[in-house]
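Colleague: Heads up: the sequence shown is residues 700 to 842, going by the working numbering.
Treat the hints with caution; some may be incorrect.
Derived EDC-like pairs (lysine to aspartate or glutamate); straight-line CA-CA distance at most 16 Å [to be verified]: (1) Lys734 with Asp795; (2) Lys779 with Glu769; (3) Lys774 with Asp764; (4) Lys774 with Glu829; (5) Lys734 with Asp764; (6) Lys718 with Asp740; (7) Lys741 with Asp764.
Everything labelled a hint here was simulated from the structure, so no lab data went into it.
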Amino acid sequence: ESIRETHSGVPYAKIVWFKGAIPRHSFCMWLSFHKAHLTLDKLQNIGIVQNSQCSFSCGHVETMDHLFFECPFTKSVWRKVLELNNCPIPADCNWDSIASWALGRTKGRQFHRWMRRIGLAASLYHCWRERNNRIFRQVVTSP
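Generate the whole structure from the sequences, applying the supplied hints.
Modeller: As structure tokens, this is what we get:
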């Protein structure tokens, strides 16, 4: 213990890792907090892909903010999830604003806060999964 470095946890730990969370969803949300999803813009920058156009065929470059919050397909998913959780739809919908919102409105043991964590994690995961299905399996589903 004397050589082990001690430090406080990251502020989002209880939002990502909580009782009742689905591990795949939590991992996807952890990637989001680290901005570590390998989106097409990142893959193009390192020379792995030639095209960085959004896989939802909206004509924009696939960045993390675009993929999860600005794309018409995923924006419709967010609207539904936010409405189900009685949350106003933020005017500024990007990862930084959603992360800030989550830090303030999803911590705690109340059921509605738990539902917000579940909704956030599930939305991120299923949007990422749909994106991957479109790219790697050529399978398309509707929101």
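Colleague: Please go over all the hints and tell whether each is borne out by the structure.
Modeller: Right, here's what the structure says about each hint:
1. Lys734 with Asp795: holds, 10 Å
2. Lys779 with Glu769: holds, 14 Å
3. Lys774 with Asp764: Roughly 11 Å separates the two Cα atoms, so the pair holds.
4. Lys774 with Glu829: Given pair Lys774, Glu829 holds - Cα atoms ~13 Å apart, limit 16 Å.
5. Lys734 with Asp764: holds, 10 Å
6. Lys718 with Asp740: Given that 16 Å is the threshold and the Cα spacing comes to 34 Å, the pair is violated.
7. Lys741 with Asp764: With a Cα-Cα distance of about 13 Å, the restraint between Lys741 and Asp764 holds, given a limit of 16 Å.
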